[in-house]
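Trainee: Listed here are the chains, written in short residue letters.
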Amino acid sequence: MIVQEVVPGRGRTGNARFLEEVSAATAGVSRLEMCIQCGCCGGSCPSAAEMDHTPRRLFALIRAGMRDEVLASNTPWMCVSCYHCVVRCPQGVHVVDVMYTLKSMAAHQRAYRDATAPDFSRTFVRNVEAYGRSFELGLTALHYLKHFRLRLPGMAPMGIGMMTRGRLGLRPRRIEGSDQLAAILRRAKGLEDGS
Amino acid sequence: MSHYLYYPGCSMESSAAAYRESLETVLGPLGIRLEEIDDWNCCGATEYVGISLLPAYALIARNLALAARQADGTRTLVAACSACYLNLAKADHYLQESRTLAANVNSALGAGGLAYRAGSVTVRHLLEVIITDVGLDAVRAAVSRPLSGLRVAPYLGCMVPRPDPDHRWTDHERPRELDLLLAALGAEVVDYPLKTECCGGHMTQISPAIGFELIRRLIAEATRLGADLMVTVCPMCQMNVDAFQGETNRHFGTHYRMPILFYTQLMGLAFGREAREVGIGRELVDARPALARIGLPVPSTAAEETPETKAARIEAAHRRRQALPMPPMPGDAREEGPR
Ligand code: SF4
Ligand code: SF4
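Order-wise, the sequence lines are chains U and C.
For what it's worth, the working numbering labels the leading residue of the first sequence as 1, then goes sequentially.
For what it's worth, the working numbering labels the leading residue of the second sequence as 1001, then goes sequentially.
Okay, chain C solo, but in the shape it has when bound (with noise of 0.2 Å):
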């Protein structure tokens, strides 16, 4: 068993679970164990630096020292979101190049009782540590069900393979790790052209029509190429291409139907877990008549459903509804819930 802390990331516990189920099943077959920080909070995403830079560093560097603090026998840090491993490992790279960000962020971190010495924990992403510290052979030696058949776009975004600080990707724009990984599971491989290319981030919320052109671009190409389902890393890119697919559709007027799902999704299938464990059904674009395709077990709760069965239950639901529940917000006296 190869032993690394780990940082979850705010995504995992909510619109990425399927990420988090499916990364559990494939932990003992790989000989991974990971041990998650005590207490880390949130990377702050894209947005804390937008605001302010110094908090914003602070924020990321109360996980890197909860992290240091942890560290006992691996001072290997592991992420699996990709806002959250490129937070995490940029920090630490630009505390260790500017002096004045370091004293900074310590005496900030100061006043919760912590420090942080720069280059003290090693950030890397749960792929690359599956490739390089795994490796393919041993992920192949797991497989007991191929995805012979399965035609897969492998689709990475942006924040894993740039901007790169420690230099781990085989290519900043065409980086081949996710290609061997799905590979070493049977499945068959589309050359992806758009695999590194921008699923919109949060433009989806601030600039809708910008979100859902890029988004379009992505499952247009996917399709073109005749791919069953689009693989991604992300839990920003799934929420985007998978929840938003919708929303797209509509302000194009297309009928795209690009099912995306989790690598460790994949890897947990060809495992020869069932699909209800690796978190597929959580999908909005359903991704079990491609699975069923290729001979998969999949459950049908709602699979009988045809499109229009669905646009019209959807429609009737929407019409009770009128809008989105309010969610509790600070400040709210119900905000507080059991955890």
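Chain U with its partners taken away, still in its complex shape (with noise of 0.2 Å):
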């Protein structure tokens, strides 16, 4: 990890209301601004070493209102749900939740360099929007095609296991009623982008 100094309101594009603006984005209330910068969430988390912030340093930096910065780490993307953190945070604070606003956040805006976790999780809500349900072997699939294909030679036996052992669908599972699932994330969508 690379250590430095966090000086507040010196971002490249200071953004006063940065706070405001995640805090308000994520489900629930966040309790963000609670925050008191102890380490228990980096103290907890198995992908902190992974981190090139751990997660009280990028609340540091969100508060600082250092938008960029922020975006562009891979903090967010690192973080596995594990909820550790979350339980353990004198101030409660929605960790996971504002790690998924900031996901979404530089996915909107393409503000993550690797494009490899943005990539999977638009397949996979892709498959979703499409037939409501997902799909494991296409995922996996096409993923490991585009981003790991040096990997899908070793990866061919497990595939043909798990289809011999009849755990990979071959083709996916559509709704009865996709049109009505349709219609509701079109109007969410809608909503989203309208507020």
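Rather than coming from a laboratory, the hints here were simulated on the basis of the structure.
Check each hint, because a few of them may be wrong.
[Said to hold, decoys possible] Among chain C residues calculated to face chain U with C-beta under 8 Å, some are:
#1 Arg1099
#2 Cys1158
#3 Met1203
#4 Ala1243
Ideal Cβ positions, reconstructed from N, Cα and C, are used throughout, including at glycine.
If you follow the hints, you should be able to join the two separate chains into one complex; please do so.
Mentor: What follows is the structure, encoded as structure tokens:
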């Protein structure tokens, strides 16, 4: 991890309302404003070593309005949603939901340099939007083909093993109410873009 | 018979088929009747919320709305998959907590002629229902073939005991429910310190090296503690530890062989069902040698195979195929198939 001093208000794109914006875009009540910078989250985090900023630091950057640094960070994408930090945070900050918010902001603005994770989520979402159900085989195969082509031959025994054991559907299933679901999601997207 | 609404989730129909099959065998002995939600949709796993919040919550809420509409006699919605349980429980919790979210989600649901009032169904996990409503005495009474001598490492993963919005679990990091259940089946339960550590979730897909390290820790510790197998409640954990174990071994040059089964599979076996009926044999890391060691009858298909002949067979298959067959995707003309 690169150690560097965080100076409030000195971000390349200082944005005093960034904290408010992130908090408002988060499901439920984020409690992000209540963060006391104790570092329990990073100390509990199985992914901390892979993150360019610990969750605590990332929240300091948000407070400092350093939007570009925050949205370019790999931290939200390294978060595995294990919720260790959430149950340990003395302030009840909804850390995981804030990470989701940052992911969606970064994905919309294409602010994160590595497209692997956003791509995986997008492929997943496309399947769900089209069928109403997820489709594991399609997801894994296409994703490895696009991003980890060199690993594919190694993965073949696993894919074949899963298939011969009846654990991979070869075709996605479609729910009966797929039109209804599409209408719901269309309106939800409209509301989100409008707000 | 206690009656509950039931949300199965997508993985029950494919990668976690063994969970579904074994689950069906234990409901009768436990006196549980599960009524599936008609035409439920995917819960979005951990992916949709990372793309856009409101559609993700609307997606989950369609299931809650369908459940509330179907509720007749019970308003408890049981989920068996960890991510589904978490998503349903958390969405209901946040819809109660935030009026704006509830209003927006309902406006979206309205486009499909649905509505959902937060709190109208209670979301619970199957394991907790078994412990709390059925009770361990009833479980013990159903056991006809105790799993004596089987050393098991109970592994819950993250998303069931955490974040636990409704405070239903004994502990967020060291919950006892699964240990108690497995002990009631007669198994020897290992005190497994990593029982709620992460399996890597989708990291095996987006950042394989990180995912493999998390898997390695889990199987190394279970091996060190002398467990015969790991037992999980989560389709994602099962998939990562089982299906990615070969790739994890290749990545680290290790030779772990730690089978991982669903708790319902062990329940089914202890209740006297045949191995095949509870989905034994669907796992990639064979659990049959461990079960055979304690005298359980297990089907022998390919069991005589040594690791070497198996590796040769897989290698040959691999050379024939060279890659995974490509599945149809949205937009393909050939995508649709019979259900
Ligand atoms: S544990 Fe909570 S209060 Fe402490 S730094 Fe992390 S988010 Fe802030
Ligand atoms: S939920 Fe994410 S940020 Fe929190 S401890 Fe787990 S990986 Fe780290």
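Trainee: State for each hint whether it applies.
Mentor: Do the hints match the structure? See the list:
no.	hint	result
1	Arg1099	11 Å, violated
2	Cys1158	4 Å, holds
3	Met1203	6 Å, holds
4	Ala1243	5 Å, holds
Violated hints amount to a single one, hint 1; each of the other numbered hints is respected by the structure.
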